Each structure stands twice: as structure tokens, then as C-alpha cells.
Amino acid sequence: MAGPRPDERPQPTARRNAQGIRIDPDAEAEPAQRTAVISALVDHEPGVLSRVSGLFSRRQFNIESLTVGPTTVEGHARITLVIHETEPGIDQAKKQLGKLKPVIALGELGDNAVRSELVLLKVRGDEPDKVHAITEMYEGRTLDAGPRTITVEITGHERKIDDAVDAFRQFGIIEISRTGQTALERGDSPTTPGEEPGHSAATDDATPNYDD
Amino acid sequence: MSESANPAADAAEDEEASADATTVAPANGAAAVVAALESADVETAFGVQGGAIMPVYDALYSSSIEHVTMAHEQGAAHAADAYGVVTGTPGVCLATSGPGATNLVTGIADASMDSDAMLALTGQVPSHMVGSDAFQETDTTGVTAPITKHNYFASDSKTVGDVVGEAFALAEVGRPGPTLVDLPKDVSFGETDRAPKLPEAPARSKPDPEADAEEVEAAASVIERAEKPLCLFGGGVVKGDATDEARAFAREHGIPVVTTMPGIGSFPEDDDLCLSWAGMHGTGYANMAISHTDCLIAVGTRFDDRLTGGVDTFAPGADVVHVDIDPAEISKNVHADYPVVGDAGTVLEQLEVAMERSPDAKEWCEQCTAWREEYPMDYAVDADEPVKPQFVVEAFDAATGDDAIVTTGVGQHQMWAAQYWTFTEPRTFVSSHGLGTMGYGLPGAIGARLAADDDREIVCFDGDGSFLMTIQELSVAVRENLDITVVVLNNEYIGMVRQWQDAFFEGRHMASEYDWMPEFDKLAEAFGARGFRIDSYDEVADVVGEALAYDGPSVVDAHIDPRENVYPMVSSGGANGEFALTEDQL
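The listed protein sequences derive, respectively, from chains Z and G. Reminder that position 66 of the first sequence reads as 66 in my numbering, one-by-one numbering, no gaps. Reminder that position 207 of the second sequence reads as 207 in my numbering, one-by-one numbering, no gaps.
The hints are simulated quantities; they were obtained by calculation from the structure and are not laboratory data. A few of these clues could be false.
Only part of the chain Z face toward chain G is listed, based on derived beta-carbon distances under 8 angstroms [unchecked claim]:
no.	residue
1	Pro-12
2	Arg-16
3	Gln-19
4	Gly-20
5	Gly-47
6	Asp-91
7	Arg-159
8	Lys-160
Quick list of simulated restraints, FRET-style, between CB atoms [what the hints assert, rightly or not]:
no.	chain 1	residue 1	chain 2	residue 2	range
9	Z	Pro-12	G	Arg-357	23 to 31 angstroms
10	G	Phe-135	Z	Val-114	23 to 31 angstroms
11	G	Pro-202	Z	Gly-146	46 to 54 angstroms
In the DSS-like style, the derived pairs of lysine-lysine whose C-alpha atoms are separated by at most 25 angstroms in a straight line are [stated by the list, open to error]:
no.	chain 1	residue 1	chain 2	residue 2
12	G	Lys-522	G	Lys-388
13	G	Lys-206	Z	Lys-94
14	Z	Lys-94	Z	Lys-122
15	Z	Lys-130	Z	Lys-160
16	G	Lys-206	Z	Lys-99
17	G	Lys-158	Z	Lys-95
18	G	Lys-197	G	Lys-158
Bear in mind the structure is a predicted one, so any value in this text is a computation, not a measurement. For every residue, glycine included, the Cβ atom is placed at its ideal position computed from N, Cα and C.
Construct all of the structure, not just a fragment, from the sequences and the given hints.
Here is the structure:
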């Protein structure tokens with residue numbers, strides 16, 4: 001074959017980064033990661049959670065938490081996912097999730113959304129008064145109290161839970177169980193696109209319409 | 001809904017009635033499965049019998065669907081895949097539970113990687129035994145979840161026909177892919193008199209073929225301004241039946257074209273605008289064009305790493321216009337500056353309307369032509385030396401028409417077939433691209449043969465190692481008397497591995513040397529096929545003529561130069577434009 005060797009050929013000097021984005025050499029920076037809360041309405045059918053979690057594990061998305069539960073609509077469930085990724089990674093995660101057949105609708109929640117998680121903490125029962133005081137401080141509940149252990153429940157924003165866990169460390173935490181975040185958009189804003197807010201199957205016959 | 005009094009007797013005795021399945025009530029779940037396939041106009045299915053799928057096979061007994069029994073379920077999956085590629089409708093394969101289902105897995109994964117529409121039906125142990133590790137039980141939906149577009153566990157005889165119909169329709173809608181329905185034996189045996197609904201994909205799985213007008217306008221505008229525009233046509237152009245629109249677009253605006261390997265056939269390789277295919281073993285001129293373009297119009301490609309090499313050096317100066325029906329492909333591997341989500345043909349027509357002028361690319365076209373002359377695809381022919389594989393490929397190409405279909409296994413032979421056969425029509429190159437499945441060639445040829453008109457030639461290029469992986473399917477080709485020609489480019493090596501060992505492992509040929517190869521021409525005769533052998537150049541013409549003329553399966557054992565390697569080569573993760581033309585350039 002003819003033609004110049006690889007090192008003698010004209011080659012472009014431009015480059016792309018790992019996300020395939022063209023790099024401006026003056027502004028090149030490592031892509032920052034951020035935390036995204038994604039809410040997905042899904043068909044409430046066997047295997048849906050494993051499809052979602054399997055998708056996230058095989059595509060190597062960095063998942064922080066995942067919660068799931070039924071909604072007011074029969075046959076629907078809501079999955080709330082928290083991921084920590086770069087912007088293109090979050091975008092890709094949302095698009096891959098949207099491809100799954102059981103996914104009806106999905107959206108990313110804004111900073112203003114209501115976010116909450118629940119933690120159960122089992123601590124040593126040597127100082128019940130102090131434990132009770134901390135529990136009150138974090139608006140928690142004592143679920144079980146015995147001579148050796150006390151188990152409390154705290155709910156709230158992730159930061160509040162983190163702070164509460166820190167506060168309980170002084171007593172010696174024996175066991176801990178956190179649910180991960182669940183979240184809804186505030187006010188009339190739908191949590192996933194097209195989702196109508198405010199209906200309850202118990203008080204309102206109207207079925208939420210997700211097709212709008 | 002039909003009210004037939006005795007559906008079982010109807011189906012068994014009246015072939016016409018069974019063909020018109022929607023008007024005849026099925027007797028059981030299995031009959032509903034077959035009725036669903038019939039109402040989807042399935043003509044051919046590939047599979048292997050077995051315990052848990054027996055009710056479905058029993059229902060096929062009185063069906064108009066032609067069933068081809070394969071030697072191994074992997075062969076059934078590949079044959080169905082190739083059948084789907086050639087016909088443009090999902091191929092269907094069947095297997096029993098457990099090992100039958102797991103044997104399909106490679107073929108399903110292959111179809112998934114190449115976005116090939118396919119429906120797999122697997123038997124399953126009876127529902128009440130699921131989860132008990134029963135005989136021949138496997139969690140088939142669990143195993144195949146990552147490699148299917150969607151899979152279904154059928155749980156009700158009354159709806160199983162609807163489920164199969166939906167799975168069939170889902171496989172081909174939007175971005176194609178494999179679907180699977182797992183059929184517990186009790187569901188197949190369970191009584192039902194409900195005729196299945198017509199096959200239809202769920203509404204939310206149907207993408208809008210038309211792209212957003214603003215996206216199209218933005219893309220049109222950047223293409224108009226480009227000085228070095230380049231079309232990159234991928235498998236989506238072929239699968240989306242958009243070759244007419246793609247050809248018209250490139251010719252109308254005088255834009256050079258490169259394809260991906262799955263995109264081979266989307267644009268005629270003998271056209272002046274065509275630079276052939278780009279990527280690891282693509283042409284030097286295609287890879288130079290990729291490296292230097294300022295506007296890459298990528299249609300129906302997922303920017304696989306065998307195409308891009310290192311993403312950092314891929315078309316680094318280009319505005320990327322990316323057209324794809326699957327939004328998740330946009331900016332997955334290469335960032336799309338101008339994303340356009342929609343059907344390839346529809347979007348190309350939209351672009352055509354939106355573009356007010358053609359880019360001024362005269363100099364660029366001249367540059368591409370110069371590269372074509374600078375880095376030609378050629379090889380040395382020395383009459384004293386063993387036959388070069390490229391020569392064999394070219395000889396078969398010359399002896400067959402434009403509509404001949406080439407299937408391949410995976411390895412060096414696949415690259416030579418892709419490089420030295422001049423493809424001009426879509427759906428004529430049927431290969432394992434994304435998964436790189438050795439052994440795809442022969443069952444692929446069987447699927448292609450059953451899909452294509454009788455007068456089209458089917459030539460399978462295989463390697464010695466690749467051929468051995470599914471050689472048992474030769475028994476199927478003989479039994480069905482399928483007119484296919486298998487050309488084994490035999491170098492007694494796992495050649496591509498050997499090539500890499502030479503380049504990157506200091507020539508240590510660990511487990512790549514096959515000095516115990518059978519004589520494939522004699523093996524072919526043992527199967528009942530015709531066998532031919534090529535050892536020198538002067539035998540090539542006669543053997544090509546005889547093998548193609550033989551009306552049945554033939555195997556040409558072509559002993560090629562064992563030292564021949566595949567070039568050009570972009571090293572793994574390297575820059576497209578830095579392809580090596582010889583080993584010392586790696």
C-alpha cells in the first residue's frame with residue numbers, strides 16, 4: 001500500500017473529552033458530578049424493580065438510593081432514584097430508564113421538591129433520658145425501649161437524617177436501617193410530566209389522567 | 001371474537017382456516033401462541049423441540065408456518081436474526097426451557113447488539129414448579145432481561161396470544177430489537193377459546209417518526225455552512241429502510257459518504273461519493289475523512305468503539321449532527337451538537353426540505369478523492385505463494401449479482417469479506433457486528449436463504465475456527481437442501497487473535513494455532529453437502545463456478561496464505577486517521 005506513515009499524515013489537533021464533547025482547550029475542566037433525584041411512574045408488575053436496578057448496575061450508574069411503592073392509581077408504582085453522576089451521565093440514565101417498557105413517565109425533581117427519608121436507629125439504652133432528648137430534638141419517635149437498647153425513628157430531609165445519625169453516635173449505634181429518599185414536587189407541579197396532582201382513590205373517583 | 005364450535009378439529013383438518021387465525025378460536029394457550037404468530041404473518045420459524053415447548057410445537061403441527069429444525073438453539077437464534085435482517089420483519093425462534101433457552105442467549109444478545117428485530121419463544125416449567133429448580137428450569141426472563149428490548153413471562157392461557165402478538169410488534173417498532181416470551185407449560189396447555197388480538201406494540205413504545213422542526217432547522221443550517229461535510233450512515237439507515245432517502249440526500253448535496261459496518265449496503269460502494277466503511281479495519285480514506293470532517297451527519301449509528309477508536313480523537317473538529325430514532329443513543333458515546341430524534345428516512349426528508357442550499361464542498365470532495373488514491377485497498381498477488389483471501393472474496397463477488405447476500409462468521413475472514421466485496425444494495429451484508437459472535441455465518445446463511453428469493457445467491461464467508469463453532473448446522477442445510485455456498489477462508493489459525501498476538505503479545509501464539517483442522521471439503525461430503533478445495537490461484541475460478549452452480553449446500557475449503565493479516569487497522573482506542581497499513585506501523 002502507498003500513502004504516508006501514520007506519523008507523517010496530517011492529523012487534527014482538536015480533541016474531545018471522555019463524554020465525547022469537543023474540548024475548548026482554554027476552558028477544559030473535569031466534568032463535575034451532581035446529585036439528581038429521578039421519579040419514575042411504572043407499571044406495578046413483577047420484575048419491574050429488578051429491571052430498573054439491573055439497568056443501573058449494568059450501565060455502571062452510581063446509584064445512591066432507590067425507593068418504590070404504589071401510587072393512588074391501581075397498577076402504577078412510583079420509583080424514586082437518587083444518582084450521583086456527571087451531567088451527561090444523568091441525562092443518559094434518564095433516557096435509558098425511559099426506554100424500559102414498564103416505565104410510564106419519568107421526571108427529574110427540582111431543588112424545590114419535597115424530599116424525605118426514614119431511618120430506624122437502635123442505640124445503647126444506658127442513657128435513656130439523653131436519647132429521648134435527641135429524639136425530641138429531631139422530631140423523632142421512640143419505637144422500642146428496653147434495658148439494653150432503644151430504637152427510634154426519624155424522618156425528614158437527607159441532611160436532617162445525616163445530622164441525627166451523627167448526634168446518636170455518642171450513645172453507640174448498634175444497628176441502622178435507612179430507606180433512601182422519596183420525593184414529590186411541591187404544589188401543583190406534577191412529579192412526572194403529565195401526572196395530575198392531588199387525586200386520592202379514597203376521596204375522589206376521578207382517575208388521574210397521565211396522558212395529557 | 002370467533003365462536004367456532006370445535007376449534008381443535010377445525011385447526012387440524014382445515015389448513016385454510018388455521019391460516020386465518022384471527023377468525024378461529026384456539027383450543028389452548030399454545031394454539032393461541034401459534035394463532036398470534038399467524039396473524040403477524042410469520043411464515044418461517046427456527047427452533048429445536050423439547051419438553052416444555054412441546055405444546056407449542058404440537059400447535060405448529062397444523063399451522064401454515066414453516067418450521068425449520070436446527071441442530072442447536074444458537075443456530076435457531078442466528079438463523080432467525082438473519083431472516084429478520086433480510087426480510088425486514090422479526091425472525092422467530094423457539095426453544096425449550098433450561099438449556100434450550102440458555103442456548104438461545106448468544107443469538108439473542110447478538111440481535112440486541114445489532115438492533116435486529118427478533119422474537120424468541122421459550123418453554124418454561126409449569127407455573128407451580130417455577131422457582132423450585134425443577135428439571136430444565138432456568139430464570140429465562142431474568143437471564144435475558146439485559147439482552148432483550150423487553151421480555152414477558154406469560155401467566156395466563158387466555159392472554160398468552162395477546163402477549164406474543166405484542167412482543168412481535170414491539171420487536172420491530174421504533175429501534176428494532178429482540179423480544180422474548182417465556183411460556184410455562186401449563187399456560188401453553190391451558191384451555192382458552194379467545195382468539196388473540198392483532199399484534200400491536202404498546203402505544204408508549206411507538207416513537208414519533210418525525211423530528212422536532214427546530215432540531216431539523218438547526219441541523220440543516222450547520223450542514224449548509226459546512227466546508228467538509230461527511231455523511232456517516234449506520235445500520236439504522238438499512239433497518240429503517242431509509243436507503244433511498246440517504247442516497248438521494250448525499251447525491252443531491254454532493255456530500256461524501258462513509259458507512260459503519262452494519263451500515264454496509266446503505267450507499268453503493270461503487271459510487272464516486274462512497275468512501276466505503278470506517279472504523280478499526282475500515283478503509284484509510286474513510287478514516288481520514290472521519291478525522292478531518294467539520295460536519296459529521298451521522299444517521300442511525302450508535303458510535304461503537306470499533307468505529308470511533310478513542311472518543312477523544314473521533315472527528316474532533318466536527319459539529320456532530322446525530323439522527324437516531326432512539327433518544328438514548330444521542331450523546332451516549334459521542335456528544336451530539338445537533339441532536340435530531342426521529343426515523344432516519346423521515347428525518348432525511350425533513351432535512352431535505354429544510355436545506356436551502358448545498359454546502360460548498362468541492363475542495364473537500366477532491367481531498368477525499370486524493371485520500372482514496374493515497375491509501376488504496378489492495379494486496380499483493382504472487383502466483384507462487386498461497387492464495388490470498390482477498391482474491392477469493394473478489395472472485396466470488398465477480399461471479400455473483402448485486403443482489404447476492406453475504407453472511408459471515410467473525411474474524412479476519414469477516415473483515416476481508418466486508419473490505420473486498422463491493423456491496424451496492426441494503427440487506428445484503430448479514431453479519432455479527434456488535435457482539436462479534438464466531439459461528440454466526442452458517443446459521444445466518446440458512447436464515448438468509450429461507451428469507452430470500454430462490455434466485456439470489458447466498459455466500460457465507462467463514463473462518464476455520466468460526467465455522468467449527470456452528471458446523472453442525474450443515475446438517476440442516478443438507479436436510480432442507482438449501483442452496484448456499486460456504487467459503488471457509490482456512491488459515492489454520494484463530495486469525496484475528498493471531499494478528500493481535502503478533503502485534504501486541506510479541507508473537508506468542510497461545511491457543512490461536514489450529515494445526516489440527518479437519519478437511520472441510522471432506523467433512524462437507526460426510527454431511528451430504530458438496531465439498532471443494534482451493535490450494536492455488538489456478539483452482540479458484542473453476543471452484544467458484546462449480547460451487548455457485550451446485551443446487552444445494554456446498555463448502556469451499558479455501559487454504560489461504562496463513563500469514564496474511566487484515567489492514568488497514570486502527571489500533572484499539574487509537575485515532576481513526578492513524579490507521580496502520582502494515583504491522584510495523586502499529
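Each hint, compared with the structure:
1. Checking Z/Pro-12 against chain G: minimum C-beta separation of about 5 angstroms stays under 8 angstroms; hint holds.
2. For Z/Arg-16, the interface hint holds, since its Cβ comes within 8 angstroms of a Cβ in chain G; the closest pair sits about 5 angstroms apart.
3. Against a cut-off of 8 angstroms between C-beta atoms, the interface hint on Z/Gln-19 holds, since the closest Cβ of chain G lies about 6 angstroms away.
4. Look at Z/Gly-20: its Cβ gets to within about 4 angstroms of chain G, closer than 8 angstroms, so that hint holds up.
5. The interface hint given for Z/Gly-47 holds, since its Cβ lies 7 angstroms from the closest Cβ of chain G, which is under the 8 angstroms cut-off.
6. Contact between Z/Asp-91 and chain G, as hinted, is supported at the beta carbon level, the nearest pair being about 7 angstroms apart and thus within 8 angstroms.
7. Given hint, Z/Arg-159 at the interface with chain G, is violated; its Cβ is 32 angstroms from that chain's nearest Cβ, farther than 8 angstroms.
8. The restraint placing Z/Lys-160 at the interface with chain G is violated, with a minimum CB-CB distance near 35 angstroms, outside the 8 angstroms limit.
9. A hinted range of 23 to 31 angstroms holds for the C-beta pair Z/Pro-12 and G/Arg-357, which are about 26 angstroms apart.
10. Roughly 51 angstroms separates the CB atoms of G/Phe-135 and Z/Val-114, a value that falls outside the hinted 23 to 31 angstroms.
11. Roughly 53 angstroms separates the CB atoms of G/Pro-202 and Z/Gly-146, a value that falls within the hinted 46 to 54 angstroms.
12. For the proposed pair G/Lys-522 and G/Lys-388, the alpha carbon gap of about 22 angstroms is at most 25 angstroms, so the pair holds.
13. Simply put, G/Lys-206 and Z/Lys-94 have alpha-carbon atoms about 18 angstroms apart, close enough for the 25 angstroms limit, and the pair holds.
14. As the CA atoms of Z/Lys-94 and Z/Lys-122 are separated by approximately 36 angstroms, the hinted pair breaks the 25 angstroms bound.
15. With a C-alpha separation of about 18 angstroms, the suggested pair Z/Lys-130 and Z/Lys-160 falls inside the 25 angstroms cut-off, and the hint holds.
16. Between the alpha carbons of G/Lys-206 and Z/Lys-99 the distance comes to roughly 11 angstroms, so the proposed pair stays at or under 25 angstroms and holds.
17. A C-alpha spacing of about 34 angstroms is found between G/Lys-158 and Z/Lys-95, which places the hinted pair above 25 angstroms, so the restraint is violated.
18. A threshold of 25 angstroms between alpha carbons decides the hint, and for G/Lys-197 with G/Lys-158 the separation of about 11 angstroms falls inside it, so the pair holds.
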